[in-house]
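Please arrange chain B on chain A, whose structure you already have, making use of the hints.
Sequence order for the protein chains is A and B. Those letters in the first sequence? Residues 1 to 445, by the working numbering. Those letters in the second sequence? Residues 1 to 445, by the working numbering.
Hint data in this document are derived by calculation from the structure and do not stem from the laboratory. Possibly wrong hints are sitting among the right ones.
The list makes no distinction among identical chains, and a pair is therefore deemed to hold if it is satisfied within one copy or across any two copies.
[Stated by the list, open to error] No farther apart than 27 angstroms at their CA atoms in a straight line, the calculated lysine-lysine pairs in the DSS-like style are these:
(1) K335 to K297
(2) K138 to K381
(3) K440 to K381
(4) K335 to K87
(5) K381 to K443
Chain residues, written in single-letter form:
Protein chains: 2
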Amino acid sequence: MIIKNGWIVVDYIRNYRDGAVVIEDDKIVDVGPTEDVLRRHSGSGHDVIDARDKIVIPGLVNSHTHISMTLLRGYADDLPLQEWLEKWIWPFEANLTGEDIELGALLGALESIRFGTTTVYSMYHYHPGHNEASGLIKAGLRGVIGIAIFHWSRDKNIKMFWDAMGRWHGRDGLIKVSLGPHAPYTVDPETWMRLPEILNEANERYGDRGRVIISSHIAEDWRENELIRDKFNVDIPGGSIFRYLEKFNILSGDFLAAHCIHLNQVDLDLIHKYSVGVAHNPVANLKLGMGFADTPKMLEKGIRVSLGTDGPASNNTLDMFETMKFAALINKPIKRDPSVTPANIVFRMATEYGALNLGYNDLGILKPGYKADVVILDRRKPHLTPVYDIYSHLVYAARSMDVETVIINGRIVYDGGFVNTSLDDVISRVENRVYELLEKVGKGD
Amino acid sequence: MIIKNGWIVVDYIRNYRDGAVVIEDDKIVDVGPTEDVLRRHSGSGHDVIDARDKIVIPGLVNSHTHISMTLLRGYADDLPLQEWLEKWIWPFEANLTGEDIELGALLGALESIRFGTTTVYSMYHYHPGHNEASGLIKAGLRGVIGIAIFHWSRDKNIKMFWDAMGRWHGRDGLIKVSLGPHAPYTVDPETWMRLPEILNEANERYGDRGRVIISSHIAEDWRENELIRDKFNVDIPGGSIFRYLEKFNILSGDFLAAHCIHLNQVDLDLIHKYSVGVAHNPVANLKLGMGFADTPKMLEKGIRVSLGTDGPASNNTLDMFETMKFAALINKPIKRDPSVTPANIVFRMATEYGALNLGYNDLGILKPGYKADVVILDRRKPHLTPVYDIYSHLVYAARSMDVETVIINGRIVYDGGFVNTSLDDVISRVENRVYELLEKVGKGD
Numbered sequence: 001m002i003i004k005n006g007w008i009v010v011d012y013i014r015n016y017r018d019g020a021v022v023i024e025d026d027k028i029v030d031v032g033p034t035e036d037v038l039r040r041h042s043g044s045g046h047d048v049i050d051a052r053d054k055i056v057i058p059g060l061v062n063s064h065t066h067i068s069m070t071l072l073r074g075y076a077d078d079l080p081l082q083e084w085l086e087k088w089i090w091p092f093e094a095n096l097t098g099e100d101i102e103l104g105a106l107l108g109a110l111e112s113i114r115f116g117t118t119t120v121y122s123m124y125h126y127h128p129g130h131n132e133a134s135g136l137i138k139a140g141l142r143g144v145i146g147i148a149i150f151h152w153s154r155d156k157n158i159k160m161f162w163d164a165m166g167r168w169h170g171r172d173g174l175i176k177v178s179l180g181p182h183a184p185y186t187v188d189p190e191t192w193m194r195l196p197e198i199l200n201e202a203n204e205r206y207g208d209r210g211r212v213i214i215s216s217h218i219a220e221d222w223r224e225n226e227l228i229r230d231k232f233n234v235d236i237p238g239g240s241i242f243r244y245l246e247k248f249n250i251l252s253g254d255f256l257a258a259h260c261i262h263l264n265q266v267d268l269d270l271i272h273k274y275s276v277g278v279a280h281n282p283v284a285n286l287k288l289g290m291g292f293a294d295t296p297k298m299l300e301k302g303i304r305v306s307l308g309t310d311g312p313a314s315n316n317t318l319d320m321f322e323t324m325k326f327a328a329l330i331n332k333p334i335k336r337d338p339s340v341t342p343a344n345i346v347f348r349m350a351t352e353y354g355a356l357n358l359g360y361n362d363l364g365i366l367k368p369g370y371k372a373d374v375v376i377l378d379r380r381k382p383h384l385t386p387v388y389d390i391y392s393h394l395v396y397a398a399r400s401m402d403v404e405t406v407i408i409n410g411r412i413v414y415d416g417g418f419v420n421t422s423l424d425d426v427i428s429r430v431e432n433r434v435y436e437l438l439e440k441v442g443k444g445d
Numbered sequence: 001m002i003i004k005n006g007w008i009v010v011d012y013i014r015n016y017r018d019g020a021v022v023i024e025d026d027k028i029v030d031v032g033p034t035e036d037v038l039r040r041h042s043g044s045g046h047d048v049i050d051a052r053d054k055i056v057i058p059g060l061v062n063s064h065t066h067i068s069m070t071l072l073r074g075y076a077d078d079l080p081l082q083e084w085l086e087k088w089i090w091p092f093e094a095n096l097t098g099e100d101i102e103l104g105a106l107l108g109a110l111e112s113i114r115f116g117t118t119t120v121y122s123m124y125h126y127h128p129g130h131n132e133a134s135g136l137i138k139a140g141l142r143g144v145i146g147i148a149i150f151h152w153s154r155d156k157n158i159k160m161f162w163d164a165m166g167r168w169h170g171r172d173g174l175i176k177v178s179l180g181p182h183a184p185y186t187v188d189p190e191t192w193m194r195l196p197e198i199l200n201e202a203n204e205r206y207g208d209r210g211r212v213i214i215s216s217h218i219a220e221d222w223r224e225n226e227l228i229r230d231k232f233n234v235d236i237p238g239g240s241i242f243r244y245l246e247k248f249n250i251l252s253g254d255f256l257a258a259h260c261i262h263l264n265q266v267d268l269d270l271i272h273k274y275s276v277g278v279a280h281n282p283v284a285n286l287k288l289g290m291g292f293a294d295t296p297k298m299l300e301k302g303i304r305v306s307l308g309t310d311g312p313a314s315n316n317t318l319d320m321f322e323t324m325k326f327a328a329l330i331n332k333p334i335k336r337d338p339s340v341t342p343a344n345i346v347f348r349m350a351t352e353y354g355a356l357n358l359g360y361n362d363l364g365i366l367k368p369g370y371k372a373d374v375v376i377l378d379r380r381k382p383h384l385t386p387v388y389d390i391y392s393h394l395v396y397a398a399r400s401m402d403v404e405t406v407i408i409n410g411r412i413v414y415d416g417g418f419v420n421t422s423l424d425d426v427i428s429r430v431e432n433r434v435y436e437l438l439e440k441v442g443k444g445d
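Bound conformation, chain A alone (with noise of 0.2 angstroms):
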């Protein structure tokens, strides 16, 4: 496949204003000026797509969702944490099976390849036959589930674990597994102290394709060191959460924070000396009054920070573009100057920081050699004229559904309908099971 005379985002810096790329198979295999790439190529029978007044780019990496949570977009809103958490989520939640997992994926897995994501980070209970995992698949959309892990189902869930490795693991080359931690005030020191030996252990049984990312939410609540310190009555040295993990030897370029809002100087600094990476949920952050994370100084330290939308249930989107504009401005005012988080950095952190946090060397960039995951945006709009330059109007200016055509491992799965999934299916689908659900949790009409 040609994608020709568009204007090619190979990057946060390199761009070309009439480009091609080239795909065979599920890899990239050309960039460059159309002029150039069609030399190149001629003759070579690829199907041709003529991008005119578009925009392509590599497809965004949410690194941070627990996409079933569609199910229970708006449920409830503007509610305290915890009154949100023990009255509403938590009683829906306990009434869905694997199949309403999977069917939650996949109305997200839509969403997101609507909306110009080709991957997702996402971590949920785990059902052997019917889950995220299966969602995604059957949207076509790339994606890392994270099998939930919590003190008080550690065994469970330690062998879910090895059951997702077993079945899913690199299904149809889109699915990788990885082991979410809760958090640390879900997950006891115990716990943590087992994760070391599971990773070793991947690693034995699968070699290379055993190496999984381990993601946990850190420090999304300010009171959250207390209630770690009371609950499992551990020191956290210094206010540290970082010094308090790196005892149990789990913090690596595989570890993957989420939020981060809470921290001080030597939480950073134990991020930059291990080059654990950080993502950052700004929409779900202000919505649940959580804080403002300071990417700005984590970015200048050179910290790997990504992006994410968090659950649909807080933001209640999956919508990458959105998050990017949001994660470029709530620092601004904060820091009083404009300059900070600027457009093109904010568009490396959706793409490439995306996929090098959730274990990816070769995603994230349009470079040959590079998995083909490729999206195209129609520039020819009000809002997306005039142009003057390129970051600046993929964060600030474009829209999620400027999205028109989605690849993913080299096939196309949304071309202004879904190539995979009947929509209307799902709707009525999601919307039947739902009607279900509140009856059973007594908020039916």
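Leaving out everything else, chain B in the frame of chain A:
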């Protein structure tokens, strides 16, 4: 025209899940459950729009922008305010003709309409023949244009105000003219003192039709009071800019103060006392690093806070759906309380309060006797499934591009395409003209 079977959102509280709206000429004449409305209007020969699976809302009101600045969208981002203004924006603007201002307004009007906005307040430089008003009219958008007044060009500006009143006030049932004293740091005390007599004269000349609003930029930058003191050698009593403005006898329900970020308690009390309206511009306030207006406190006092995008050079869109989401979210972490600025109140800010702040008593609600400005959104989308709460959906999940049909003053102006204008023609003209303008400021390729 009858719009039936839609989810009719009358205002921030009332909505009909299966409702209908009847429009005759430029007015709404009936609203209610579909069955009742159809019974009342059977055999009336109206055109019928079937809004099954659609959401029908009052058109959004953008209560502060500089709409012609679409021409400078993304021209210079992520820069400190003074550098942005002095090195980039002002030199570019110095070259703009009346025709440019009209073209920029037309482009912005198409964007506004596409995104479900049916009324804008826009302050900019006025040229008699071609200006913002002529641009809005070409697209069919309703607008209040603010004739910018600066102390260094006061007499000319006031002359232009009278010219605009004569030529454009009331034009096509779409345009109102208003006074736009730019800001207390660009308008000297003598100029402020002249304004009440102008308002009186407008009433004498035009009667009821001569009631015009005054709008100004107030307390956008934390350094403003200092600047005003230095520039005009005046006292800002107790650091309250509204105490300073009070003595010019211009505070009233017809005064609309844009931004209002850096206020003290005296300011809030005076805003409330005089029933002054506030236009909150969350996206631009963040983008320029200005700060967070305390809208929860204002709303609690009963102040009418409406929403605006500000100019497209500091946003970079005219997207009021996005603005609603920012307005709902940014104060939650500051108050550490997710229940502030809940979705339905934010919807009220974007509709009813916007209309009131622009001096309309018959706009912003789907109510018999009110102006027929109506927007229809399609909700058969992944990101709008399932639906629990319609206000949550409109503020947190709906995207501007879900807008499918836009009716202004009883006439369809968008139904998948623009009814009054050729988008391709507008885009080509803008692109050509911007190229010339860049040459003039020495920033051409």
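Consistency of the hints with the structure:
| no. | hint | result |
| --- | --- | --- |
| 1 | K335 to K297 | both (10 angstroms within a copy, 23 angstroms between copies) |
| 2 | K138 to K381 | between (32 angstroms within a copy, 17 angstroms between copies) |
| 3 | K440 to K381 | between (45 angstroms within a copy, 26 angstroms between copies) |
| 4 | K335 to K87 | between (37 angstroms within a copy, 22 angstroms between copies) |
| 5 | K381 to K443 | between (42 angstroms within a copy, 24 angstroms between copies) |
Checked against the numbered hints listed earlier, the structure breaks none of them; every hint is satisfied.
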